[in-house]
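Peer 1: Can you build the whole structure from these sequences, using the hints too?
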Amino acid sequence: MSSYSEDKVAGSFGSFPKGFGYGPDENDTDTQASSSEHKPRILLMGLRRSGKSSIQKVVFHKVSPNETLFLESTNKIVKEDITNCSFVKFQVWDLPGQIDFHDSIYEECEAIIFVIDSQDEYMDALAKLNATVSKAHRINPGIKFEVFIHKVDGLSDDHKIEAQRDIHHRASDNLAEEGLENLHLSFYLTSIYDHSIFEAFSKVVQKLIPQLPVMENLLNILISNSGIEKAFLFDVISKIYIATDSSPVDMQTYEICCDMIDVVIDMSHIYGVKDDAAFDTKSASIIKLNNGTVMYLREVNRYLALVCIMREDSFEKQGVIDYNFLCFRQAIQDVFEVKPCSGHASMALTSSSDFPQANGAIK
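Mapping to full-length UniProt numbering: the sequence shown position 202 is 202, numbers consecutive.
There's no promise every hint is true.
Claimed, not checked - Derived pair list, reagent style DSS-like, types lysine-lysine, alpha-carbon separation capped at 27 Å:
(1) Lys144 to Lys128
(2) Lys207 to Lys230
(3) Lys135 to Lys79
(4) Lys230 to Lys135
(5) Lys160 to Lys144
(6) Lys135 to Lys203
(7) Lys76 to Lys144
(8) Lys128 to Lys76
(9) Lys62 to Lys135
(10) Lys76 to Lys57
(11) Lys160 to Lys79
(12) Lys79 to Lys288
(13) Lys144 to Lys57
(14) Lys160 to Lys207
(15) Lys144 to Lys203
(16) Lys79 to Lys62
(17) Lys160 to Lys203
Everything labelled a hint here was simulated from the structure, so no lab data went into it.
Peer 2: The structure is reproduced here in structure tokens:
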């Protein structure tokens, strides 16, 4: 049964699974078994009460930010296995802030996210960051280091910029004293009360996807031939975008795309069909804004969606856009079928059986 509506009225919604969340898929058991030992590991580190567990709950469990106020401090390693999420399959380990860990924990790690509470004195956090980076880099030089300057929702814009500048400067000086001045740290201003935490996590995950340049190029080809202004490839569950075109990402644009995904899922919960028929090759959503902008969502596979933003006059050629999308989806499927040759773990690829078949390819 098709959940796509030929009527172009604002707010025509496709159907996502009602019990939408990460979990085993009976059709993907073999793929999960073969890739389970090769999923990249992301370590979530920082001092106690810095907000690590809240980040994990909000991003991957759809917990309301207000509910995280009652979370207890983490006193053991909490492992989160992110599976059946398009081809974004990885592990997030939430580590207690008061424990020093054995060297082996860094050996198979792909990235470390170090969370610093911007509303607290952060000298101890910087000392911990320096010790962690020095040790981890010595054990595994391939680790990527990401610093989340967290809880910035309570700071003014000037204070945010000053805090980021100060933390960046002090962290760089500390690394220079250790002889690691060439080691790159990425810094992000984050909060669980807006979409900044999702955007920051998107940037972290993208660095672990070897196919990212290919997907960005495919998106560039798609938008240039379809009159699209901006396009994102979203993991629908976490609202992490795993790729976008080469034009700059505007925070407001990203936020409205996230809101669109929420609307589609909420509508599916109310009006959706049964789970066994929730996905359809023509599932889609069209929302027309009062400023003449059209937002267009199409499912690429069960967990991956393409969200496009364009002018209303460009959407008059919906047939061309739909055909180009089918070519794009086929090209993405071809990318998924090619596994990268690398000695390191990379994003595990889902079987091509997750994709509906389509003729054509991006030229």
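Peer 1: Run every hint past the structure and note whether it holds.
Peer 2: Now the hints, each set against the structure:
Among the hinted pairs, Lys144 with Lys128 is consistent with the structure: their alpha-carbon atoms are about 17 Å apart, no more than 27 Å. A hinted pair counts as satisfied when its Cα atoms are at most 27 Å apart, and Lys207 with Lys230 qualifies at roughly 21 Å. A threshold of 27 Å between alpha carbons decides the hint, and for Lys135 with Lys79 the separation of about 22 Å falls inside it, so the pair holds. For the hint pairing Lys230 with Lys135, the CA-to-CA distance comes to about 41 Å; that exceeds 27 Å, so the pair is violated.
For the given pair, Lys160 sits about 24 Å from Lys144 by alpha-carbon distance, which is consistent with the 27 Å threshold. As the CA atoms of Lys135 and Lys203 are separated by approximately 24 Å, the hinted pair is consistent with the 27 Å bound. Among the hinted pairs, Lys76 with Lys144 is consistent with the structure: their alpha-carbon atoms are about 23 Å apart, no more than 27 Å. Simply put, Lys128 and Lys76 have alpha-carbon atoms about 18 Å apart, close enough for the 27 Å limit, and the pair holds.
Restraint check: the Cα-Cα separation between Lys62 and Lys135 comes to about 33 Å, which exceeds 27 Å; the hinted pair is violated. Under the criterion of a C-alpha separation no larger than 27 Å, the hint pairing Lys76 with Lys57 is consistent with the structure, at around 16 Å. Simply put, Lys160 and Lys79 have alpha-carbon atoms about 31 Å apart, too far for the 27 Å limit, and the pair is violated. With a C-alpha separation of about 40 Å, the suggested pairing of Lys79 with Lys288 is violated against the 27 Å cut-off.
Between Lys144 and Lys57, the direct Cα distance comes to roughly 22 Å. Compliance with the 27 Å bound is thereby established for this hinted pair. A distance of roughly 25 Å separates the Cα atoms of Lys160 and Lys207; the hinted pair therefore holds under the 27 Å criterion. With a C-alpha separation of about 12 Å, the suggested pair Lys144 and Lys203 falls inside the 27 Å cut-off, and the hint holds. For the proposed pair Lys79 and Lys62, the alpha carbon gap of about 17 Å is at most 27 Å, so the pair holds.
Note on Lys160 and Lys203: the hinted pairing holds, with a Cα-Cα distance of about 19 Å set against a maximum of 27 Å.
Hints 4, 9, 11, 12 from the list above are not met by this structure, while the remaining hints are.
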